[in-house]
Amino acid sequence: MFLGQFDHSLDTKRRLAIPAEIRDSIQTEEHGAQWVALPGSNGHLWLWPSKLFESVVRATPREFLRDQRTVNLDTQVMSKAAKIELDSAGRVRIPDRLLESYGLKDKVTVLGVFDHLEVVDSEQWKQESMDTKEVGQLYGAALEARRADRP
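Mapping of the sequence shown onto the working numbering: position 45 corresponds to residue 62, and the numbering continues sequentially without gaps.
Source of the hints: derived by calculation from the structure; they are not laboratory data. Among the hints, erroneous ones may be present.
As the list claims (entries may be wrong) - Taking lysine-lysine pairs in the DSBU-like style, the calculated list, with each CA pair at most 30 Å apart, reads:
id: 1; residue 1: Lys143; residue 2: Lys97
id: 2; residue 1: Lys124; residue 2: Lys100
id: 3; residue 1: Lys100; residue 2: Lys122
id: 4; residue 1: Lys143; residue 2: Lys30
id: 5; residue 1: Lys124; residue 2: Lys143
id: 6; residue 1: Lys30; residue 2: Lys122
id: 7; residue 1: Lys68; residue 2: Lys150
id: 8; residue 1: Lys97; residue 2: Lys124
id: 9; residue 1: Lys124; residue 2: Lys30
What the hints assert, rightly or not - What follows is a set of in silico ranges between Cβ atoms, one per label pair, in the way DEER data are often shown:
id: 10; residue 1: Val88; residue 2: Ser26; range: 33 to 43 Å
id: 11; residue 1: Glu145; residue 2: Arg86; range: 21 to 31 Å
id: 12; residue 1: Lys100; residue 2: Thr149; range: 31 to 41 Å
id: 13; residue 1: Leu155; residue 2: Asp91; range: 26 to 36 Å
id: 14; residue 1: Ala159; residue 2: Thr92; range: 48 to 58 Å
id: 15; residue 1: Thr29; residue 2: Glu140; range: 38 to 48 Å
id: 16; residue 1: Lys122; residue 2: Ser96; range: 37 to 47 Å
id: 17; residue 1: Thr87; residue 2: Pro168; range: 40 to 50 Å
Glycine included, every Cβ here is placed at the ideal spot set by N, Cα and C.
Using the sequences provided together with the hints, build the complete structure.
Structure (structure tokens):
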């Protein structure tokens with residue numbers, strides 16, 4: 018499980034160091050040696066350990082006749098995705114096209130979100146990040162939505 022918030026900078030070769038706390042929890046046998054970078058549903062760049070991402074994809078039903086919105090989503094997300102290597106210094110080189118798409122130039126914030134990481138421009142994250150009262154309200158809204166979904 019990935020947790021926490023880490024402020025980092027892209028180096029001159031535009032590589033991102035995976036935070037040491039995250040690297041220490043990665044087990045190659047469970048997570049794989051690569052990462053998958055792809056668009057996230059919240060407008061952030063998501064990084065998934067390759068084996069975990071593949072298991073999620075395999076668990077997702079892939080019918081031949083699918084809803085056109087799902088087909089379009091799959092096409093848009095997967096065509097923008099990239100497998101990236103973790104080098105011996107614990108860095109990944111995110112493709113320029115993804116860095117540019119997400120406005121990632123220098124200072125970034127890496128967020129641990131359960132099973133994946135999210136990379137966001139640090140200034141953008143400061144604007145998006147909620148205070149404790151707002152987080153409490155978000156919990157309340159999520160609980161209400163969950164109750165509404167139950168019969």
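Hints violated by the structure (listed by number, smallest first): 7, 14, 15, 16 and 17
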